[in-house]
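Visitor: Fit chains B, C and D with the ligands to the known structure of chain A by using the hints.
Protein chains in written order, with the numbering used here: chain A, 5 to 292; chain B, 5 to 292; chain C, 206 to 785; chain D, 206 to 785.
In silico BS3-like links for lysine-lysine, alpha-carbon gap of 30 Å or less:
hint : chain 1 : residue 1 : chain 2 : residue 2
1    : A       : 16        : C       : 621
2    : C       : 605       : D       : 251
3    : C       : 586       : A       : 268
4    : C       : 442       : A       : 274
5    : A       : 280       : C       : 441
6    : A       : 131       : A       : 216
7    : C       : 753       : D       : 762
8    : C       : 593       : C       : 644
9    : A       : 45        : A       : 257
10   : C       : 401       : C       : 442
11   : A       : 216       : D       : 251
12   : B       : 280       : D       : 671
13   : C       : 710       : C       : 676
14   : D       : 762       : D       : 710
15   : C       : 442       : A       : 268
16   : C       : 302       : C       : 370
17   : D       : 441       : B       : 192
18   : B       : 274       : B       : 255
19   : A       : 216       : B       : 257
20   : D       : 621       : D       : 610
21   : A       : 274       : A       : 45
22   : B       : 281       : D       : 671
23   : C       : 302       : C       : 251
24   : D       : 628       : B       : 9
25   : C       : 441       : A       : 283
26   : D       : 302       : D       : 363
Listed next, with one range per pair, are the computed distances between beta-carbon atoms:
hint : chain 1 : residue 1 : chain 2 : residue 2 : range
27   : A       : 217       : B       : 216       : 51 to 57 Å
28   : A       : 149       : D       : 354       : 26 to 32 Å
29   : A       : 149       : D       : 782       : 53 to 59 Å
30   : D       : 596       : C       : 293       : 56 to 62 Å
31   : C       : 602       : A       : 282       : 38 to 44 Å
32   : D       : 237       : B       : 256       : 54 to 60 Å
33   : A       : 224       : C       : 628       : 43 to 49 Å
Hint data in this document are derived by calculation from the structure and do not stem from the laboratory.
In this text, all values refer to a predicted model and were calculated from it rather than measured experimentally.
Built from N, CA and C at the ideal position, the CB exists for glycine as well.
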Amino acid sequence: MATFKDFRNNVKPNWCPGCGDFSVQAAIQRAAASAGLTPEKMAVVSGIGCSGRISGYINSYGFHGIHGRSLPIAQGVKMANRELTVIASGGDGDGFAIGMGHTIHAIRRNIDVTYIVMDNQIYGLTKGQTSPRSDMGFKTKSTPGGSIESALNVMEMALSAGGTFVAQSFSSDLKELTSIIEQGIEHKGFSLINVFSPCVTFNKVNTYDWFKENITKLSSIEGYDPTDRAMAMNTLMKHNGLVTGLIYQNKEKPSYEQLVEGFKDEGLVKQPLEMKKDKFDQLVSEFM
Amino acid sequence: MATFKDFRNNVKPNWCPGCGDFSVQAAIQRAAASAGLTPEKMAVVSGIGCSGRISGYINSYGFHGIHGRSLPIAQGVKMANRELTVIASGGDGDGFAIGMGHTIHAIRRNIDVTYIVMDNQIYGLTKGQTSPRSDMGFKTKSTPGGSIESALNVMEMALSAGGTFVAQSFSSDLKELTSIIEQGIEHKGFSLINVFSPCVTFNKVNTYDWFKENITKLSSIEGYDPTDRAMAMNTLMKHNGLVTGLIYQNKEKPSYEQLVEGFKDEGLVKQPLEMKKDKFDQLVSEFM
Amino acid sequence: MIKQLSWKVGGQQGEGIESTGEIFSMALNRLGYYLYGYRHFSSRIKGGHTNNKIRVSTTPMNAISDDLNILVAFDQETIDLNHHELVDGGIIIADSKFKPEKPEGTSASLYSIPFTEIANELGTSLMKNMVAVGASSTLLGVKPEDFTSVVEQIFSRKGNSVVQKNMEAIREGMAYFKKEAGNELVDFHLEPVETKGRMFMIGNDAIALGALAGGARFMPAYPITPASEIMEYLIKKLPEYGGTVIQTEDEIAACTMAIGANYAGVRSLTASAGPGLSLMMEAIGLSGITETPLVIVDTQRGGPSTGLPTKQEQSDIMAMIYGTHGEIPKIVMAPSTVEEAFYDTIEAFNLAEEYQCPVIIVSDLALSLGKQTVEPLDFEKIEIRRGKFDLSEELPELEKNVYFKRYENAEDGISKRVIPGMKNAIHHVTGVEHNEQGKPSESPDNRNIQMDKRLRKLSDLTDRFKTPVFKDERHEDADLLIVGFNSTRGTIQEVMPRLENDGIKVNHGHVRLLHPFPKNELKDMIDRAKRVVVIENNATGQLAQLIKMEVGSEKLKTLNKYDGNPFLPAEVYQSCKELL
Amino acid sequence: MIKQLSWKVGGQQGEGIESTGEIFSMALNRLGYYLYGYRHFSSRIKGGHTNNKIRVSTTPMNAISDDLNILVAFDQETIDLNHHELVDGGIIIADSKFKPEKPEGTSASLYSIPFTEIANELGTSLMKNMVAVGASSTLLGVKPEDFTSVVEQIFSRKGNSVVQKNMEAIREGMAYFKKEAGNELVDFHLEPVETKGRMFMIGNDAIALGALAGGARFMPAYPITPASEIMEYLIKKLPEYGGTVIQTEDEIAACTMAIGANYAGVRSLTASAGPGLSLMMEAIGLSGITETPLVIVDTQRGGPSTGLPTKQEQSDIMAMIYGTHGEIPKIVMAPSTVEEAFYDTIEAFNLAEEYQCPVIIVSDLALSLGKQTVEPLDFEKIEIRRGKFDLSEELPELEKNVYFKRYENAEDGISKRVIPGMKNAIHHVTGVEHNEQGKPSESPDNRNIQMDKRLRKLSDLTDRFKTPVFKDERHEDADLLIVGFNSTRGTIQEVMPRLENDGIKVNHGHVRLLHPFPKNELKDMIDRAKRVVVIENNATGQLAQLIKMEVGSEKLKTLNKYDGNPFLPAEVYQSCKELL
Ligand SMILES: Cc1ncc(C[n+]2csc(CCOP(=O)(O)OP(=O)(O)O)c2C)c(N)n1
Ligand SMILES: Cc1ncc(C[n+]2csc(CCOP(=O)(O)OP(=O)(O)O)c2C)c(N)n1
Ligand code: SF4
Ligand code: SF4
Ligand SMILES: [Mg+2]
Ligand SMILES: [Mg+2]
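With the rest of the complex left out, here is chain A (with noise of 0.2 Å):
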């Protein structure tokens, strides 16, 4: 079995120290051990932004794409290779801005895919402007006289979008970070997990202290549950998104590879390329 040291490579981040991304890798290596992966099965696939160089290191396969895409290229990916475990992540302007178009879709396709979002509420790879995430208000490069955009609820519209596992965590709670990563990694489906992942260097705001602040766990609410999807909603709305733990899990619906006619387990990059002789006069003659 795999420790959370295999997943470690000989690579030293370039993110500034304090940064919250580490902790995410971190949990990322433990959440994969602990679900029992070894690292040759197992692809990260990742945007473009600070946090999206985790790809990087992280002892694994791993993509770095294209700012905003890491989701259709993961997704490309389980579909060639259903016996992967595919991770896709990236930074919060990645994933809710440039990518909003995928993230909605992804989350609709219900590809198995676990989807990890390293949201500091800002850009930080260009210096500091505002994301989709950032408060109303907040002053950044792009808005020096502060935001004049609410931030975007994304737990809330994941759950509308119909979404079979939405979860949140902080980079500052490793346990239930990696909890959360493994379960995760074990639903059958996609799962989106909004990580506040603090920028130390261009978001003054939303600190570690400001988030220990505010956070209310899920765990810590009395008969909480995940499987309830308007209870989700409800508290969402109530804790205006600032809940952390699992928000909603739907464990009934297949994902799409279940319900692909044909799709077989052995990854697709296993079946044979080659068309039988029958088959091609078959289907050479559909067009006689």
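Guide: Leaving out everything else, chains B, C and D with the ligands in the frame of chain A:
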């Protein structure tokens, strides 16, 4: 005062006889008249699809753009000249597939544009493929075995994205539709109006009759309060999105234009282009 | 008896015009005739004039005809819009329902036949098309029985009585027309030919079938005219092979999803037309720098922007070759017949895997939707080559923390390809410049190494590529060399004997590999011609520009057409004469 | 006393290296010296080597220098990576904190100065940069007072005591260094120059200022290196003019939103780099066919895909010219100095409105981020021309149901432009082919008319465009013509006297209008040169290809560099010698 006839031009729509889009066109024309608009102060921006042709069928300024981009174009028009009434419109594929990211962000940004989606749950112009609004199991050219993705709950999504005016209507109900569009036009901020607008040629499931049977009018729900976001959300969940009427409106939240620093009431288009010499000298000196 | 004729049916969109042509031509195909069908249609669903023009011949040809022998009309508009194409002594067969009138100045004879009335009598006006098929095909000497297998194939799932009714409609149409026209029209009878099992298909069918035969198993795509048929065919066929089609949210998703699947080892393609291709530009660069195989089909249509979405054009060449920022290796192929579209598609997958780069198959509307007779495709010619990719291989164990050198600086620029799931092959892939292991690197030396490696990959391609230029060289030294690409091939071929007849020595070079450009092959042909004319369905002469850049010739002339319609042979003939 | 020297400061990213260079150079700028600054940085936020190289001269120049006189180091890596650039007798001034060591083989002298220690004593280690500025600038003969205005400007909002502390740090650095080095180093003293108010700015500043002065009032954009400064500047300045910047969800939204605003009559731009530009391709086509003015800035960086996002490259030319499907009129301009970037941006808006088409301003990283001394910009030269657009005009009443002919087939291809909100000007705009009123039309004749109209618009542009090629023609007939574009201009200019010194007759043509291509101007220059070398920061020689296509010359040689760094004058000199 302009009447709805002033919003007619001499172009004969090339929609199929019976297409739901005819009513949407009529409703826009009536609503515009009844909101007291004049054709030259109105711009209809549309996407690509059968529905997208609508900009050419209304006597007003019309901009028929590219697939999925009616909203950014419309927002650009409005930012340039807030004295115009700007209506964006297009199909469900246009707004919820390729244009999904823009739709969410237009909702969030809350620029005063009225967005009318002609939702026929199919791709009409490309001759009948599935759309993000198609139901599970729906057979189309691209899903001959039945769709294996579930239909997007667009109204829930609009609510979660922070919509300040979220409404739904039905082509057969010209009165309600006209009134909703008029309210949308009058709303200060972004309004999303999803219209069930049957495609009589390619969608043999979600027909006029089907809607008549399955729709609940909000006006028939006692005590329904469109200013109560939680009630709106819960009602949508309960009725699986199949309601018509004004679902939610927030009149408090200022529109984007109202929040932009220095933004003038008079159209930006009327501001002088030339810069004064003293201003220029000041700017230049900042680089010395 | 005649050797060829041209037949057209026209009416309003949504009235079954397409299937009328379909049934007519399928029957003739089964009789052994060569066919070429081209549809004129608009960007709307119902209403608006549409027509289907079908050329029938006893010998092979692949071009629309200049004129028309028989026009079948379901409305007066069809007559008004198309009568000028009719030859002297041509025939109009029209539904008596709309009281057809012969336009002034036409010498054609008009037969008014009660298509709708006969159909109604048989039970439903829907069958008016069959009546028309019957009426018009009797002219050619075709018998009711010749339609049996086609009608059965199409209608059998609706039950035997429907089949019988439709056959009846054909028979009644024939009978009525014979009665009307008597025997005076035997001149239209086609010479009989040997019956032979040939295919009759559109380019998109051939591309889709080629993808399937070429081992493609996954196709993410977004609908668009004139590419949708490819996904619509494959969604029906792929499940049997464990594969599928996903209709994505847009073309960016389609292209990047295809990249993901190819990266993971599955042959995967996407297809679109101009607007979709423009959206894929960033993703194409990703495929280039990550050296991930990728096959994209671009079915060109009238541009720019939405342009003329249902019309013929060839104006995406430059965008396909140059349209991503930065510099990548890329292959752009242009099949010129339906048959080639099949084999080229298979080859595209081979090249994409061998060279680990994006391959674009450029088609055009006339090739993608035009229906041609195709000699039976040869199973033996299907070949699958995967280059330096070997899934089965046992790889040597890697040192701890050392990645597999996925981007090893191989002499030919092509590194060994491995995929996720393999043991001892872990590596990183990124659109950022990277070292041999795929780790991001900003080192100038590494940059030079990797950039050079990528760009040298294709250095042998023009030599290896089978027939980068289709050559019909009838002369060592020619008065005229005609150059084209994609669907104009049949037209040019048709014009050549006409020019030769006038004593002009003509050679023909049809470019099948647009990038990297086969400059030597073309240069040689150009050098041996007094004049060169480049024929293109676009306004700026893109192929000609390419030739100027790559070969650099002063003798180039261009013949451009960009009104949305394919060239007619007569137009090309006329222009060539004028140029000489 | 010397006339010029080169100074570099290096350390880890996030340590204030950029601002160290900033303060040093601002002070020298105010003293009247000419400056050129180039930053080396990586695609990460903190950590990783970064440096800022500043060249100081008593006379104008616009290029990075071959070598280095003074290296200020905050870590050993800086010394190890950069010492090879130092001239004989060069100087390293390093923070004693990291115990600097002189690498083997360097003849430079090393001065170890306690930057951090002195700063700590003054209260905070942050001020180590100021100590270093002081220490190194004393070499040049600069006095503490020369920094006063700069330090005040930067720190005054933090209070007077911070200002004083920073001045103190500079003074202490100077004093310490003088003590260490004694007076032996007066050779580095710069000749005094006349103090004159010149600007010191990066290309992006000039573009942003040009946009503002040129009447742009709206900028939707999405952040990206190296373009973000443009939006970041404008968001601060536009509100005063009633305008604003919107950070959109992506570049497609940015570009289409700009189209919407331009359509409605407001000068609007967007800016991005390669990846964003690739995403805008479809929208660019829309601007082209709808004849909507649009200004896009492309700040080129290392490609393909994400490539080398913080490095210099010039590899987007072909994509900018050809990268949308179909065919549209388009203008691609390439300023070559910061000053030109200002005037060209204003002109871009004029041309976009006059020709009603997309205008792309291509820059490159070295031009966009390189900081240059700029002669005071001339207010009088700011000119605003809006072509056939008149908002105020009273238009004749339209007949009922007749639209305004927005696409009237004018002789020069340019129709009168009206905007929504105007009386008697209602019309339709569409990306589908359309008639004069903007109504969709599939008519072949109309298509020809509209396509011809659009494509003929630009026929007079190369003649009208002011200086499509910057020419430095020192000879009627030259041994060598050097051709380049964008930021290489200063480097080429610097190389010319060196070559002339060797007796080589050199001319220089710098292409400022890339499309439509000024072929006649360039042809004339090429014809009069024995050899031509095209210098480009890319691998495939895109400008050279363009010249081959447009002008067609056999004598072209190319000099390419694509390792992420700008050309050094010495490299260009060397290569030119080898080519001759
Ligand atoms: C198409 C495209 N547009 C813009 C960029 C520039 N860019 C790189 S990362 C980034 C956003 C970073 O923000 P986020 O996704 O939140 O990631 P973070 O750095 O905060 O982790 C942007 C805009 C790009 N690489 N590609
Ligand atoms: C970028 C791009 N991709 C694809 C198309 C082809 N296309 C035209 S309309 C359409 C979708 C039509 O569906 P919808 O938006 O629901 O409109 P409807 O026709 O149903 O009214 C598509 C895919 C296009 N025009 N542009
Ligand atoms: S800039 Fe912010 S997000 Fe990026 S590495 Fe630094 S702390 Fe992390
Ligand atoms: S195809 Fe459907 S959506 Fe399109 S016009 Fe016809 S009925 Fe309307
Ligand atoms: Mg972020
Ligand atoms: Mg639709």
